[in-house]
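Student: Start from the sequences, fold in the hints, and give me the full structure.
Spelled out, the chains give:
There are 4 protein chains.
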Amino acid sequence: MSEDRRRRVALVGATGVAGQQFLVSLADHPWFELTTLAASPRSAGKRYTDAISTPGGSIQWGCEEALPEQFAGMTVQDAAKLDLDGIDMVFTAVESDAAKELEPRFAAHVPVVSTASAFRYESDVPIMIPGVNIEHSAIVKRQQRDRGWKGFVVPIPNCTTTGLAMALAPLARRFGVKQVIATSLQALSGAGRSPGVLGTDILDNVIPYIPKEEEKVQDETAKILGRLEGDEIVPLDIVVSAHCNRVQVRDGHTVCASVALGEAGSLDEVKEAFGSFGADFCDLALPSAPPALISVTEDPFRPQPKADRQLNDGMTTSIGRVREDTVLPNGIKFVLLSHNTKMGAAKGAVLTAEILVHQGLA
Amino acid sequence: MSEDRRRRVALVGATGVAGQQFLVSLADHPWFELTTLAASPRSAGKRYTDAISTPGGSIQWGCEEALPEQFAGMTVQDAAKLDLDGIDMVFTAVESDAAKELEPRFAAHVPVVSTASAFRYESDVPIMIPGVNIEHSAIVKRQQRDRGWKGFVVPIPNCTTTGLAMALAPLARRFGVKQVIATSLQALSGAGRSPGVLGTDILDNVIPYIPKEEEKVQDETAKILGRLEGDEIVPLDIVVSAHCNRVQVRDGHTVCASVALGEAGSLDEVKEAFGSFGADFCDLALPSAPPALISVTEDPFRPQPKADRQLNDGMTTSIGRVREDTVLPNGIKFVLLSHNTKMGAAKGAVLTAEILVHQGLA
Amino acid sequence: MSEDRRRRVALVGATGVAGQQFLVSLADHPWFELTTLAASPRSAGKRYTDAISTPGGSIQWGCEEALPEQFAGMTVQDAAKLDLDGIDMVFTAVESDAAKELEPRFAAHVPVVSTASAFRYESDVPIMIPGVNIEHSAIVKRQQRDRGWKGFVVPIPNCTTTGLAMALAPLARRFGVKQVIATSLQALSGAGRSPGVLGTDILDNVIPYIPKEEEKVQDETAKILGRLEGDEIVPLDIVVSAHCNRVQVRDGHTVCASVALGEAGSLDEVKEAFGSFGADFCDLALPSAPPALISVTEDPFRPQPKADRQLNDGMTTSIGRVREDTVLPNGIKFVLLSHNTKMGAAKGAVLTAEILVHQGLA
Amino acid sequence: MSEDRRRRVALVGATGVAGQQFLVSLADHPWFELTTLAASPRSAGKRYTDAISTPGGSIQWGCEEALPEQFAGMTVQDAAKLDLDGIDMVFTAVESDAAKELEPRFAAHVPVVSTASAFRYESDVPIMIPGVNIEHSAIVKRQQRDRGWKGFVVPIPNCTTTGLAMALAPLARRFGVKQVIATSLQALSGAGRSPGVLGTDILDNVIPYIPKEEEKVQDETAKILGRLEGDEIVPLDIVVSAHCNRVQVRDGHTVCASVALGEAGSLDEVKEAFGSFGADFCDLALPSAPPALISVTEDPFRPQPKADRQLNDGMTTSIGRVREDTVLPNGIKFVLLSHNTKMGAAKGAVLTAEILVHQGLA
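Note that the protein sequences, when read in sequence, are chains A, B, C and D.
Its first residue numbered 286, the first sequence is counted upward by one per residue in this note's numbering.
Its first residue numbered 286, the second sequence is counted upward by one per residue in this note's numbering.
Its first residue numbered 286, the third sequence is counted upward by one per residue in this note's numbering.
Its first residue numbered 286, the fourth sequence is counted upward by one per residue in this note's numbering.
Mixed in with the good hints, there may be bad ones.
Note that identical chains are pooled: a pair holds if it fits in a single copy or bridges any two copies.
With a straight-line cut-off of 30 Å between C-alpha atoms, the simulated DSBU-like cross-links for lysine-lysine are [to be verified]:
1) K331 x K463
2) K331 x K556
3) K463 x K501
4) K331 x K497
For the record, the hints were derived by calculation from the structure and aren't laboratory data.
Tutor: The structure is reproduced here in structure tokens:
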């Protein structure tokens, strides 16, 4: 690695669930040195471990991995007053309302990679998934020009979109994709902690509705799979109909998808398209990239959240049960499993930042 | 009730999960007197409570309701040697292989209402759902004639089919139904106990495959929604594509369905069709029938297994989130919740028997 | 029932989890007519169903039983401005801080039966459990005299105390009880909803600490099992050591208890003491009383929350695995299961009120 | 490492849950080369992956870690006909009945380290826990002499005993331990898969009984904490009373323990004894040993199975909530968490074997 890939980065929203996952994703990162943690005024001025502790002294750390020691003692800054001096890039892990206000301030100076939805639907903003649409990043030039920013905002998608778009991308490229009916069985970690989902509400239960989720999946997928024409991302001409459910799983979103291909493909061709997808991207060997973007299984009982979500540290999407769909034209159907807090959130955002650095944009 | 509706009934497969649910459904039944319990040779000759106990003396009773006291002390018979003398009707709750062998023997003499799949796909056998296709029972006459039986076999469907066909029936009648893509989130009780699903396998997990389930849902639905033409059930010209999943729920199958109607209906018309379905049937006021077959909710977070499965003692299907489906022609989509061990199994079979008695067939 | 047992009652804290359970317990009550619902200013002036609904229109009803229709349309009052005119008795289901302020205002006029801990540890206040210490109610006379109240406050205990004290009472009476080491496995419903326990925190987990719970169990048990001497409740000379855990169970607190008896009893004598306890009380046949306070099982795998919590609508404590404890002097040990939101909360409070009416105190 | 620590080992019972965990524990082991896999005749002659697959081709692999590739293609031998030629040591992971028959055959020739209970209670057999009682291994000399074996059998304890004895050992050494009342909340993985615990039985439930478990905990603890006198292990003069429960947790046994110390110790002294325990043992830096045997936490909500079981790959016992117990003389109480399938099973057995090699016994 050449020295010029080193960046000093700040993390805004460092105390929340997504922020904690960024800490894990950035620990010992070969390019990115996390020098600044920021959060709401309530946390400002506190040691990081104190900022995430209850009054009774219980540390609210939600990741499976331990809190990286190098961050435990850092002092949390007030995000609203963040000094970007010496900062090369910002990761944001805040709610949409806060993002709408904070991200433009940061983007005026430096690149911002965001997990928030605030700017996803703006025409000069790409929604990026590593290996799927990395060419979309080119429109940040227009974003900088039109908004007068030195930096830019690049959001990643909703975590359910990530897995679905990852599975559709190889199909879109090889066969075309016209229609999708997708039913998700989503993990609890996707709901965060405020308010999150109560144990008594999900025990022995399914909650068949997640506010705004279906719209996000439907809208983001078309944009992500769209093509770049000059300064524009032209959405793919695709119709997506989603049913989103919450189930009693900690991590890992399962999606059952029925897909109408543009032209017919045999099941073997479809599996081959899945399995070979993204090889060029993986060959770049970016620090957070997995050896393969998609893993195809022939085990009829797989993928399962518990068994497959950790594949390649949660950066590979697992697909199984590939079979014909009898309803849709050129129809196929399958089950996919994507780790919603790894590729679908913080570590996916870090990999996105690595792409931007690799592309010379950040 | 006139005296002539009283029947003496036998239950075969009385010790299993489904059999236990029959005991609950038949306790204090106004028409059916359960006089005989039968099971495998291993249980034969034992008191019922001993037959369902472990060697250590722990009673393996799986229903939420208590074991009805009147059955606790009955002696279990050997199903293979069952004496039908004095028996008017038989309920069977055995595996398909056993049903294939036993049910013809019983049907030679008396009506058999079965939860097994053994005879579901024979052309002279109806698959019955109360309130949905009760006219199909007429073909038992052909069954008796062709097979030389004094009785007959009437199976109920797979428990996942029950909820789906119940929801499709009013749509088929009012608008026509052409295509269905359905994803189920099925409860653990549907898997029974041998082998059942291990706690360590379903904890924090989804299992996206249930052997043979999708085929059953696809095939049975067309037959159930078919029309009787003379001696034939002509299946509905419908294509059903199913994704079947096991989730960590005790009872109650949730299904997310996208449906192409034959002709367009507004969401209000669709809801009205659901809500008014089966009023004639319910007016019969059969002992196990609910006041309504379908309940429609406007609460976007419903139906949920825990909150809605017990509605009318598990005999009413709950439907919510009725909205347009953008993929399918004249498309609508919704979520349904059906109690798999009540309407979907034993109590549904008892209600089916009530229909047959009401129709003068049993 | 004589006419003079009819009371018009108000429920304060009607919208919370415990309040909802009161509605179920008071529906169609033969003595108590619930005429007034009160809650915080946020709910005041709303229809009850609106007061418990989210902005999106989802009714947050947490009981297994349906919302009794007669209460659905009642207008919720502001608890702080509650007009007691025409009210004979008040049930409170509010947090301790609110109880400290509100209950004296109500008690100045009418009897208050409370689920809150605010007054439990005052010397002129009994902590009552139906069938266990109903004679303690006599000290409300002193409470009225000393505080100048026309009414009084009678709290029920913490829900974990209820089950333990119920099990210890027959032992204390027959053998004496000197020491108890008790480990609880408590249900999620005991934590309420604000903040409650997040699904992601309890899935695949045990939380071995519930703030202030162990102290409550230890202190309340001695008082409840104490004897009335004149105007004083003299606590039982007992030492209780508690370990309180939260487990992934919806309703029903399990407690593993090791007990040092005052004098030795055989296991049969102990079981007999359990099984026969409270017969006199049950003979009163109060409307909410179960036919037996304690049920003893010989099944080594019982009691279990799922199988046993609903016994007699949650009003009977189940005890099993009665055996010798080798550590404590005259030691026995056993497992008990008590329904924390039935006998341990609202319905236990309603039964307490029935006792007070029966005793002529309310 | 000197060359003479290299051993060629066989694993008997390779296909079961415990056997699979041995594969993970032995992958890339610096000393032990796993050259032979053996199981029941049903698996004999099959490739390992085929031996653990269902007829439908689904691999039944139960570990969180992936199946180590080097073992996937090995041919499984028939355990009853195992050829020990070239084998230096055997690990057994079979049921007690099979162990009773097989282990003596193997022990006639080579050392056997066993997870089975078959020989645990023989007077010439130690029950070993790494770092707790490694000096007990000396009695294998007597075992060899009396039984005429060239090898020997060394079992590890029941997985619940492991955590409890680990926590008691530093107390016994420093203060003495007289009495223990311990309540376990045990994980599902401890029940294995045949029959295991059904999902429908443990969902929303606690099962307060595990056959034979309490006796094992009580008996094994005294022997493990005993002292070696010549050729005898003299059990510690301790009384243990156990309540064993199954809860809905995948891995990690939680135990709430109240302990009477021989002489009083302050809470700080107790914590210091826990935290410093086993430093000498850990200094040996055996391949599977953790950096510390016990970790003490001040977080009142810890230890928790989900958060703490993976500490040092499951080889460190976590202890928290150390406080006084008011019932027992010199009483303290605390919560411990031990990984039942790591230190409590396969990896604990591998570490035990490392000790035996280090001691020159194997």
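Student: Run the structure past the numbered hints and jot down the numbers of the failing ones, going up.
Tutor: As far as the earlier hints go, only 1 is violated by this structure.
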